[in-house]
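A.B. asks: First to last, the sequence lines map onto chains A and B. The first sequence begins at 1 in UniProt numbering and counts up by one. The second sequence begins at 1 in UniProt numbering and counts up by one.
Please note that a few of the clues may not be correct.
[Said to hold, decoys possible] Simulated DEER-style distance windows between Cβ atoms:
#1 B/E175 <-> A/D328: 33 to 43 angstroms
#2 A/P445 <-> B/P379: 51 to 61 angstroms
#3 A/A378 <-> B/A62: 50 to 60 angstroms
#4 A/P438 <-> B/Y478: 48 to 58 angstroms
#5 A/A378 <-> B/G47: 27 to 37 angstroms
#6 B/D300 <-> A/L398: 49 to 59 angstroms
#7 B/D216 <-> A/P445: 55 to 65 angstroms
#8 A/Q234 <-> B/A411: 49 to 59 angstroms
#9 B/V454 <-> A/L398: 33 to 43 angstroms
These aren't lab readings, by the way, just hints derived from the structure by calculation. We put the beta carbon where it would ideally sit given N, CA and C, even for glycine.
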Amino acid sequence: MTPSTNRTRALAALVAAAGAALPAAPARAAVPGITGPSFHLVASADFVSQPDGASIYAFGYGCDGAPAGFLPARPNGAQGPAPTCPQTMQLPGPTLIVTQGQSVTVTLRNALPPAAGNTSIVFPGFQVTSAGGVAGLLAQEAPGGGTVTYTFVASTPGTHAYHSGTQADLQIEMGLYGAIVVLPATPPGGCVRGPFSLAPAAYGHAATCYDREYLFQLSELDSRIHDQALAQVQACPVGPCPAIQAVTEPYHPNYFLLNGRSLPDDMDTPYAAGYPHQPYNANPHMHPGEKVLMRMVGQGRWQHPFHFHGNHARVLARDGNLLLSAADGTSLAGPLLFTTPTVSGQTQDQIFTWTGKGLNWDVYNHRAGDGSRCIPDASGYHAIKTDPNAGEWCADHLKPIPVTPPDPTIVAIGQWYGGTPYLGIQSTGSFTGTNEPPGTLNQNPQAGYAYMWHSHNEREITTNDVFPGGIMSMLLIDPPAWFIDETL
Amino acid sequence: MHRIPRLALLLALGLSATAARAQSFRVQCPSATALHPRACSGGTKAGAACSAASDCPGGACAPDARYPGQIKCQEVGGGDGFATMADGHQIYLFGFSPLSGLADVQAGLPGTQPADVFNLGYLGPNYSSAGAGTCGGGTNAGEACVTVADCPDVTGTCAHAPNWAPTPNNGGITEPAGIMDMGVLAGNAPAPLMAIDEDDEFFLTLSNPGMIMRPDLFEQHTVHFHGYPNASSYFDGVPDASVAINIAGSFTYYYTAPDAGTYFWHCHITPPEHLQMGMVGQLYVRPRQDRLGPNDALRDALIAANKRAAVDPSATGLSCSDLLCTGQTPAPAVDTGARGGGKYAYNDGDGSTRYDVEYPIQMMGFDPNFHYVGMTFNPEPFADMKDKYFLLSGRGYPDTVNPKAISTVAADGVARPAQPLPSVIRIAKSQGQTRALLRISDLSVTEFTTLGTVGIPMTVIAQNARLLRDLAGRNLYYDTNSLTLGGGESADVILDASNVPAGTYYLYSTNLDHLSNDAENFGGMMTEIQVF
Numbered sequence: 001m002t003p004s005t006n007r008t009r010a011l012a013a014l015v016a017a018a019g020a021a022l023p024a025a026p027a028r029a030a031v032p033g034i035t036g037p038s039f040h041l042v043a044s045a046d047f048v049s050q051p052d053g054a055s056i057y058a059f060g061y062g063c064d065g066a067p068a069g070f071l072p073a074r075p076n077g078a079q080g081p082a083p084t085c086p087q088t089m090q091l092p093g094p095t096l097i098v099t100q101g102q103s104v105t106v107t108l109r110n111a112l113p114p115a116a117g118n119t120s121i122v123f124p125g126f127q128v129t130s131a132g133g134v135a136g137l138l139a140q141e142a143p144g145g146g147t148v149t150y151t152f153v154a155s156t157p158g159t160h161a162y163h164s165g166t167q168a169d170l171q172i173e174m175g176l177y178g179a180i181v182v183l184p185a186t187p188p189g190g191c192v193r194g195p196f197s198l199a200p201a202a203y204g205h206a207a208t209c210y211d212r213e214y215l216f217q218l219s220e221l222d223s224r225i226h227d228q229a230l231a232q233v234q235a236c237p238v239g240p241c242p243a244i245q246a247v248t249e250p251y252h253p254n255y256f257l258l259n260g261r262s263l264p265d266d267m268d269t270p271y272a273a274g275y276p277h278q279p280y281n282a283n284p285h286m287h288p289g290e291k292v293l294m295r296m297v298g299q300g301r302w303q304h305p306f307h308f309h310g311n312h313a314r315v316l317a318r319d320g321n322l323l324l325s326a327a328d329g330t331s332l333a334g335p336l337l338f339t340t341p342t343v344s345g346q347t348q349d350q351i352f353t354w355t356g357k358g359l360n361w362d363v364y365n366h367r368a369g370d371g372s373r374c375i376p377d378a379s380g381y382h383a384i385k386t387d388p389n390a391g392e393w394c395a396d397h398l399k400p401i402p403v404t405p406p407d408p409t410i411v412a413i414g415q416w417y418g419g420t421p422y423l424g425i426q427s428t429g430s431f432t433g434t435n436e437p438p439g440t441l442n443q444n445p446q447a448g449y450a451y452m453w454h455s456h457n458e459r460e461i462t463t464n465d466v467f468p469g470g471i472m473s474m475l476l477i478d479p480p481a482w483f484i485d486e487t488l
Numbered sequence: 001m002h003r004i005p006r007l008a009l010l011l012a013l014g015l016s017a018t019a020a021r022a023q024s025f026r027v028q029c030p031s032a033t034a035l036h037p038r039a040c041s042g043g044t045k046a047g048a049a050c051s052a053a054s055d056c057p058g059g060a061c062a063p064d065a066r067y068p069g070q071i072k073c074q075e076v077g078g079g080d081g082f083a084t085m086a087d088g089h090q091i092y093l094f095g096f097s098p099l100s101g102l103a104d105v106q107a108g109l110p111g112t113q114p115a116d117v118f119n120l121g122y123l124g125p126n127y128s129s130a131g132a133g134t135c136g137g138g139t140n141a142g143e144a145c146v147t148v149a150d151c152p153d154v155t156g157t158c159a160h161a162p163n164w165a166p167t168p169n170n171g172g173i174t175e176p177a178g179i180m181d182m183g184v185l186a187g188n189a190p191a192p193l194m195a196i197d198e199d200d201e202f203f204l205t206l207s208n209p210g211m212i213m214r215p216d217l218f219e220q221h222t223v224h225f226h227g228y229p230n231a232s233s234y235f236d237g238v239p240d241a242s243v244a245i246n247i248a249g250s251f252t253y254y255y256t257a258p259d260a261g262t263y264f265w266h267c268h269i270t271p272p273e274h275l276q277m278g279m280v281g282q283l284y285v286r287p288r289q290d291r292l293g294p295n296d297a298l299r300d301a302l303i304a305a306n307k308r309a310a311v312d313p314s315a316t317g318l319s320c321s322d323l324l325c326t327g328q329t330p331a332p333a334v335d336t337g338a339r340g341g342g343k344y345a346y347n348d349g350d351g352s353t354r355y356d357v358e359y360p361i362q363m364m365g366f367d368p369n370f371h372y373v374g375m376t377f378n379p380e381p382f383a384d385m386k387d388k389y390f391l392l393s394g395r396g397y398p399d400t401v402n403p404k405a406i407s408t409v410a411a412d413g414v415a416r417p418a419q420p421l422p423s424v425i426r427i428a429k430s431q432g433q434t435r436a437l438l439r440i441s442d443l444s445v446t447e448f449t450t451l452g453t454v455g456i457p458m459t460v461i462a463q464n465a466r467l468l469r470d471l472a473g474r475n476l477y478y479d480t481n482s483l484t485l486g487g488g489e490s491a492d493v494i495l496d497a498s499n500v501p502a503g504t505y506y507l508y509s510t511n512l513d514h515l516s517n518d519a520e521n522f523g524g525m526m527t528e529i530q531v532f
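Could you build all of it, start to finish, from the sequences and the hints given here?
C.D. replies: In structure tokens form, the structure reads like this:
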């Protein structure tokens with residue numbers, strides 16, 4: 001028996017509550033968004049929830065009427081909630097999905113409370129023209145109750161940010177930001193679009209093909225600013241009102257967000273009913289050998305060093321500009337990183353993969369005579385795609401794990417531990433299971449490999465002084481036979 | 001009233017029994033593996049496989065030199081300790097203690113050892129007796145002693161524990177009593193330095209002796225090898241995704257050496273706490289290019305290595321066979337004709353990362369308020385964390401230029417070398433040295449920091465343990481006077497003093513508030529570059 005300290009008790013309670021809150025089916029993620037090229041957005045106010053139970057007053061962009069459509073398409077077998085776009089606001093704003101070359105129009109209506117004043121959108125990286133609204137410093141603005149329309153050509157593929165250009169220190173903090181995804185007009189031949197992907201490739205370059213994609217918008221939130229804004233809005237429900245005077249410096253955020261949510265909410269389902277104003281999650285999954293496109297966006301004010309466990313990633317582009325070698329104009333030139341520092345307003349596209357190459361032990365725990373096989377392709381990976389070990393690194397087939405694991409009674413078991421050092425459900429003598437004590441809380445019933453993806457400025461993996469939380473999620477590398485439903 | 005003491009006593013007995021049954025320190029360091037077998041060297045059986053010297057009449061049973069790399073081992077303890085900040089204040093640590101390689105660690109070197117050295121076993125002082133032995137005879141019989149001079153009677157001897165010696169060797173501590181003795185209150189800042197070579201296998205044992213200053217915590221610890229490619233989640237050290245070792249247990253992590261570069265390691269239990277409290281260290285991998293000689297063409301060797309890694313017989317080896325260059329580096333587009341014989345940061349194939357001296361430097365920060373809370377029994381304020389000690393490898397200026405280990409007297413009255421790493425950079429042009437490699441990693445948990453130089457430029461050759469080169473083989477190194485890193489990032493910098501006059505230069509944080517040791521307003525993240 002282990003006595004519980006205050007901190008341990010709080011942590012245990014949080015984890016238990018998180019377990020209770022999570023759905024029975026494991027959650028996944030994709031890059032959900034709305035399609036255009038004509039968008040009608042509304043800026044308004046509402047409350048967003050955080051895992052510590054706080055309800056925080058926020059501004060955000062939402063849909064003004066029904067959007068033209070939603071992506072990604074839902075393939076057969078998808079069981080997640082139907083996509084929606086709040087008619088008030090969402091945090092972050094709707095992800096706008098368009099195709100390279102399209103003329104994009106965004107009509108913004110200002111439904112913010114009177115004290116909030118004007119609002120607007122800037123689209124870094126695009127040449128924008130405006131119609132309607134009133135003149136502002138960084139962009140044409142929509143006055144209270146009014147509208148403004150922005151038009152630009154989505155000239156380059158890739159990931160871009162958008163955010164308010166009005167009283168930015170307050171309005172961005174309050175939540176007025178989002179992402180734009182521009183799909184390549186001419187994907188390279190030979191690429192196959194994954195069932196939940198937006199496109200077969202990130203750019204019109206063969207090296208940018210991918211199997212799955214996920215969006216990561218990193219931001220932070222200082223609830224004291226939001227409280228000040230709420231108080232002033234409530235003090236003047238009907239205009240004309242004095243402008244909100246919130247103290248935004250010095251800046252001390254106590255919440256840290258991935259796509260508007262913190263762990264463990266960010267591992268819940270996208271479009272989950274429990275987060276009506278935070279539709280997007282951040283819960284990547286993949287199979288061994290798959291290429292995962294990571295669309296990274298720095299929102300908010302701070303830089304965040306986002307560390308992805310498991311492997312490096314290859315940087316393809318920054319701000320939608322593909323990075324190619326000056327020597328031949330064709331070879332990729334972006335660096336290999338294991339930690340990507342996000343910068344406010346900057347985006348980075350990168351591809352992550354995992355193969356298990358070179359571990360020197362069989363991650364599937366194959367034994368001689370068990371009927372398994374590993375037939376190497378030209379690169380050394382198992383070539384039979386329908387086998388349960390598709391993509392296995394054949395040089396390690398049948399090799400035993402080189403150390404003796406510790407006695408199970410002397411270790412603490414993690415919620416995403418698969419029960420054994422191996423990938424996939426293991427047959428352990430007389431039964432097949434996860435080898436964990438009865439009652440163990442297990443978020444990984446498929447016994448995949450879980451890797452924490454998180455800000456490495458580690459205080460940012462807390463939620464209002466409680467660990468775990470904040471900018472943290474798990475990548476799950478699921479066994480090849482496990483169906484990944486990215487709508488869950 | 002009388003019932004309470006009885007109940008407490010019964011509870012204590014029960015807990016004690018439970019703890020006794022659960023104790024399972026176990027250090028693993030095999031002397032041979034399938035990748036690194038042993039063979040007879042010399043004698044009539046030279047070259048034959050062997051397990052012991054008796055298999056090799058007239059020769060020795062040694063690691064088979066025909067297999068590249070070696071088995072390397074290291075042991076660390078996860079616990080607590082104390083360090084001294086440059087303003088003289090003592091600070092409480094959660095820390096990793098060295099339980100092997102102590103001679104090297106205390107000399108500021110990596111504590112990683114070949115298996116044969118590790119398995120010699122520990123010889124050295126022990127902390128609990130502070131080096132004391134017992135006079136074994138004469139008129140001083142039974143009295144404490146350190147050397148025989150303390151037992152002046154001609155028939156006296158000073159008898160120590162069997163593994164005692166005046167100074168430590170590099171053997172591993174494998175006995176539970178030794179692990180507790182040398183692991184308690186022995187946390188280092190930064191954590192023990194680790195270094196391996198490409199083609200090595202690395203067995204890293206984490207033993208958990210507990211945190212004596214925090215008997216209220218039953219803290220697990222883990223090791224996360226930050227940046228390890230194609231990692232297994234089992235050995236990735238994330239307690240949520242794997243398992244974490246409890247007090248009185250050991251976990252042996254296993255790694256095949258990844259691609260060369262500057263990585264780092266840290267505990268992954270409650271990282272905002274354990275990293276802030278000091279459980280961070282650097283780990284670097286030396287390239288196999290270091291093993292080439294003057295007759296070996298670097299580019300040819302790299303192309304051959306790329307081909308081996310590609311497996312595909314049609315691979316040219318000129319570039320990478322997969323998007324992440326697993327086990328590969330693009331061959332340089334320009335063939336410089338460079339040959340081996342030097343020390344290199346990466347398998348560059350063109351000699352461009354050659355260096356004469358190397359310095360691992362870890363950027364860190366400590367928040368003294370948080371450390372005080374961590375030493376007491378109070379809730380921890382993560383959002384308001386504010387570092388006020390800004391450190392390079394566990395020290396602030398001017399301690400950064402102190403060439404010796406810094407010892408701190410802990411709560412038990414024993415001084416331990418808790419801060420073994422100076423970061424003074426010395427380039428002896430008079431001895432033919434011109435190029436210094438700075439292996440820089442940032443393990444701050446709060447802020448991005450910029451390091452600058454004045455008078456001597458930096459060439460950044462790598463980021464995140466990967467050479468800056470595009471897939472066409474073009475070097476993307478850049479010259480600069482500033483380097484900005486956030487937590488969890490690393491970079492390799494070459495300082496070239498060829499055209500720099502002798503003198504003292506500085507590497508310092510250009511975040512000027514980071515040039516302080518708490519209220520002492522000059523110091524912090526700064527060190528000297530001495531060119532002579």
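A.B. asks: Each hint should be assessed against the structure and marked as holding or not.
C.D. replies: Against the structure, the hints:
For B/E175 and A/D328, the hinted distance range of 33 to 43 angstroms is not satisfied, since their beta carbons lie about 60 angstroms from each other. Evaluation of the 51 to 61 angstroms hint for A/P445 and B/P379 yields a failure: the beta carbon distance comes to about 34 angstroms. In this structure the hint that A/A378 and B/A62 lie 50 to 60 angstroms apart at CB is violated, the actual value being about 38 angstroms. Separated by about 57 angstroms at the C-beta atoms, A/P438 and B/Y478 satisfy the suggested range of 48 to 58 angstroms.
At about 34 angstroms, the CB distance of A/A378 to B/G47 agrees with the hint of 27 to 37 angstroms. For the hinted restraint 49 to 59 angstroms between B/D300 and A/L398, the CB-CB distance of approximately 34 angstroms leaves it violated. In this structure the supplied range 55 to 65 angstroms is violated for B/D216 paired with A/P445, their Cβ-Cβ distance being about 34 angstroms. Judged by the Cβ atoms, the range 49 to 59 angstroms given for A/Q234 and B/A411 holds: they are separated by roughly 53 angstroms.
The supplied range of 33 to 43 angstroms is broken by B/V454 and A/L398, whose beta-carbon atoms lie about 58 angstroms from each other.
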